[in-house]
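Enquirer: The lines below spell out each chain.
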Amino acid sequence: MPMIEMKEVSFRYKSAAASAFSAKENSGFVMRIRSLKVLRGERIALVGPSGSGKTTLLSLVAGILQPDFGTVRVDGQEISGLGDSLVRQFRISRVGQVFQSFELLDYLSILENVMLPWYLRRDSSNTVMSKANCRRRAQALLADVGLAARINDQPGHLSQGEQQRVAVCRAMLNHPPLILADEPTGNLDQDNKQTVVDLLLQQARRHDSTLLMVTHDQSLLDRFDSIVDICSLSREGFQR
Amino acid sequence: MTRELYMRLFIGLLCGLLLATCGDIEQGQSGVEQISLVNTGRPLVVASNYPLFYFARQIAGDSADAPQIVFPEIPDDPAFWIPSSDQILLLQSADLILLNGAGYESWLDWVTLNRKYLFDTSAGFANNLIELDESLTHQHGPSGEHAHQGVAFTTWLDPSLAKEQADAVANALQRLAPNQTETFRNNLSALQARLDKIDSELADAFAVLGEQPILFSHPVYQYLQRRYGLNGVSLHWEPDVEPGTGAWIEFQKLLRQYPATIMLWEAEPLPVTAARLSQQGVRSVVFQTASNRPDQSDYFEILSNNVKQLSKALN
Amino acid sequence: MSGAWYLGWRYLAFHKIKCATLMASITLMLFLPAATRVLVSDSAAALTARANNTPLLLGAAGSRLELVLNSLYFQTGQPAAVSNKTLEQVQATGLGEFIPLNTRFQSLGHPIVGTTLDYFAFRGLKLAEGRQLGMLGECVIGAAAAVQQDIGIGDYLVSSPETVFDIAGVYPLKMTVVGVLEPSGSADDDAIFVDIRTTWIIQGLGHGHQDLSRPEARAAILNRKEGVITANAAVSQHTEISAHNIADFHFHGNSSDFPLTSIIAVPPDEKSATLLRGRYLSDEQDLQLLVPSTVLDELLETVFTVQNYVVLGLAMLGLATVAVIILVFMLSQQLRRGEFHTLSRIGASRTYIGLLVASELVFIFVGSTLLATLLILGMKQYALQILQGFLTL
Chain Z
1 MPMIEMKEVS
11 FRYKSAAASA
21 FSAKENSGFV
31 MRIRSLKVLR
41 GERIALVGPS
51 GSGKTTLLSL
61 VAGILQPDFG
71 TVRVDGQEIS
81 GLGDSLVRQF
91 RISRVGQVFQ
101 SFELLDYLSI
111 LENVMLPWYL
121 RRDSSNTVMS
131 KANCRRRAQA
141 LLADVGLAAR
151 INDQPGHLSQ
161 GEQQRVAVCR
171 AMLNHPPLIL
181 ADEPTGNLDQ
191 DNKQTVVDLL
201 LQQARRHDST
211 LLMVTHDQSL
221 LDRFDSIVDI
231 CSLSREGFQR
Chain C
1 MTRELYMRLF
11 IGLLCGLLLA
21 TCGDIEQGQS
31 GVEQISLVNT
41 GRPLVVASNY
51 PLFYFARQIA
61 GDSADAPQIV
71 FPEIPDDPAF
81 WIPSSDQILL
91 LQSADLILLN
101 GAGYESWLDW
111 VTLNRKYLFD
121 TSAGFANNLI
131 ELDESLTHQH
141 GPSGEHAHQG
151 VAFTTWLDPS
161 LAKEQADAVA
171 NALQRLAPNQ
181 TETFRNNLSA
191 LQARLDKIDS
201 ELADAFAVLG
211 EQPILFSHPV
221 YQYLQRRYGL
231 NGVSLHWEPD
241 VEPGTGAWIE
251 FQKLLRQYPA
261 TIMLWEAEPL
271 PVTAARLSQQ
281 GVRSVVFQTA
291 SNRPDQSDYF
301 EILSNNVKQL
311 SKALN
Chain X
1 MSGAWYLGWR
11 YLAFHKIKCA
21 TLMASITLML
31 FLPAATRVLV
41 SDSAAALTAR
51 ANNTPLLLGA
61 AGSRLELVLN
71 SLYFQTGQPA
81 AVSNKTLEQV
91 QATGLGEFIP
101 LNTRFQSLGH
111 PIVGTTLDYF
121 AFRGLKLAEG
131 RQLGMLGECV
141 IGAAAAVQQD
151 IGIGDYLVSS
161 PETVFDIAGV
171 YPLKMTVVGV
181 LEPSGSADDD
191 AIFVDIRTTW
201 IIQGLGHGHQ
211 DLSRPEARAA
221 ILNRKEGVIT
231 ANAAVSQHTE
241 ISAHNIADFH
251 FHGNSSDFPL
261 TSIIAVPPDE
271 KSATLLRGRY
281 LSDEQDLQLL
291 VPSTVLDELL
301 ETVFTVQNYV
311 VLGLAMLGLA
321 TVAVIILVFM
331 LSQQLRRGEF
341 HTLSRIGASR
351 TYIGLLVASE
361 LVFIFVGSTL
371 LATLLILGMK
381 QYALQILQGF
391 LTL
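Keeping their order, the protein sequence lines are chains Z, C and X. If you're matching positions, the first sequence starts at 1 in the numbering used here and goes up one per residue. If you're matching positions, the second sequence starts at 1 in the numbering used here and goes up one per residue. If you're matching positions, the third sequence starts at 1 in the numbering used here and goes up one per residue.
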């Protein structure tokens, strides 16, 4: 079963506010994806010009945006048309996200930042792990990235590279089968870029997670299993 | 002799009764008679001099619920008493303080007491007090206020005034213990009868003197003088102090003007003084004022003794 | 959803200054009007209780309020004096007990209250240590005065001179402390009590000096004529009274003319009170007999009116504060939009984010309310001490 499956998806940008999740602010622009199939464990680099809808595509996969037409299936679950609450729970437990601007909460320690998905859980969920277990897992993740001694530091005390590493740990807290990274190296220097991409790929391999990463950086493309041009998705679709 | 023995036995019995009923009295190290402040249920009465103490004891009687009459231990003349802090405490705890009045209690000027417990036994004859002719006052600056000496205060030496004071004491005790009024009145009558007797005896004794001058060693006999119409003159001699040469010269001048044959003393004068007076034809007679508690005897015994001494000297 | 409360708490803990400032503002907004009411009502109750316990007050005609405040609380300026003769006359009526007061002098900032032993029984004052006044020159001090001045039995207090350079003025008198009172929660705690005649000595109406009739006093005599010794200024006066020199003390002049500040009248029944009031009803008299509680009620009416205005003002200020707080919250939420966006992307629902915002509000308001409540309870507990401290300033 593919991890991601999109068929004849069409998404119209409603207004400036509604298009905040993508760089495109023109209302009326329609993004079309004829088909997209990503297999489990694949590491895909998503490329395309600015404003071509890469972030929108990630948002559609994550369930943040709902398509106007077509279907989106992730990990066998059709999320297009799913209720908001279910989608959010799905997203917390099944999808790890890494953002260009790290987006750590400055008032939490880095350990608490990594545990953030746990804090966002629904108490009634049967799949919630205990706080102690969550804590142990978060500490282990931070140890993996060399930040074990700084778990009580605030994000503001870390370098950009370190912050992005913390963000990767946050994304991996629930061992998600799908990792979505939206230009995670966009704000990093060359060394840190390599480090972060290596980290993402390592985590993906370790947990057999599917990685879909948006990037502009050509030097990173050879690390991925496939490179998908978003413009081609509307013409030909993509499947491996 | 027998009478004397009886008096001693009576006093002894009285003291015994006193000790038996006033269980709270104890002698302090300073010799001050201390009354503990434990409530005995009986009103506490303090007298400022011995005559008032005696009157009050006689009037109150000896019953178990009679008011407790107390006279503090005062080493010298009670007129110049400076109460100690213990004695002030005693005064403050009293339900009634019997005052002689007539300026006797100079300590009232500076002791802090509750005015409502003070009772002036001479207030009833305040208009009849003897103003002092010779007084030494002072003022500060030519236009400053004087400090006045006032009136003579040995009122009890006049038995008729002593009777009035005794009556005042009875009234005060009645207000304190109204249920014992009858007892007080009966005892008062008996006391006043005895005062009348002494009055009569003194009148008889002094009658012998007629217009003849009489000398007083100290100006404390004003009321006696007035009561019995004595032609008296006061000196300022002390029994235990030998007069100096100047004093004798003044005395001789006085004697020429007032050819007295008798001089009354509050206490036994020095033999040398008495002898010199005798040489000049003046006989010394001890006439005690009984202002303080005697070691032995009592008030009437003192007065009787005064009468006896006087009679002996005049006859 | 408990995670939202935790995140809310962590947010506040990180932004301590902002949180503290908001809490302080809200606490003050809640505390000030309540505290004003508590202080005023408790103070009024205390003032009223003392006034209610003082049936009648006799003093010189003039400011009623000044007479009451000075006689009951030993405060404000000095009312005109009444003579001791007034006391003698009113005592002669037999219409009750009459307690003189003379509060003209002070020592170390504490009022010296000249009075009689009746005052202590009247006010229910008990001794914590030592003994009662025994003679002139002794003093019994209130509990607060003893603590403030660190003074106990056997120590001395000196009355404050009114003038330094006027040789005819009031000279300081050294007074021995013989007793310390138990706390009474009233103005008596701050006072120094002496025999009223001691205040006359402080005033110079009485004094003690060497016996002018003795030869040693020759240098102090101006002249001696007809039994009257006139002393000059060289006579040395005693500055303290003790058992050794007490007999030297005397008063000059007629004691009926000596001054009092006021006289507390305690009639035994209503009939006596009415008769007394009738005696001093005439406007032509230079005396006034008043009911302290009536005078206090008039004062308190004004105080309560002022209190209402103050509370109204505080309420307006409170509204303004609420508006500012709302603005601060709105700005805060604006600043946190990015954070909320991130949370939403990760998976937080709108409800969760709403709870996060609400938690900040709840923590601050609940915390402020608790703090304000504690402060108000504390204010209630110590209202009287605060009032006394205010009155002694």
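Be aware that a few hints might be false.
Residues from chain X shown here face chain C by an in silico Cβ test under 8 Å; the list is partial [unchecked claim]:
1. K16
2. L133
3. A247
4. F249
Each pair of labels, with its calculated beta carbon distance range [said to hold, decoys possible]:
5. X:E270 x C:S297: 52 to 60 Å
6. Z:G76 x X:A13: 36 to 44 Å
7. X:E129 x Z:N152: 51 to 59 Å
8. Z:G76 x X:Q334: 38 to 46 Å
9. Z:S101 x X:K18: 19 to 27 Å
10. C:S93 x X:E129: 12 to 20 Å
11. C:D86 x X:G378: 43 to 51 Å
12. X:K18 x Z:A149: 27 to 35 Å
13. Z:D106 x X:N308: 41 to 49 Å
The set of hints was computed from the structure by calculation and includes no laboratory data. Glycine included, every Cβ here is placed at the ideal spot set by N, Cα and C.
Enquirer: When the structure is checked against the list of hints, which entries are broken? Sort them ascending.
Expert: 1
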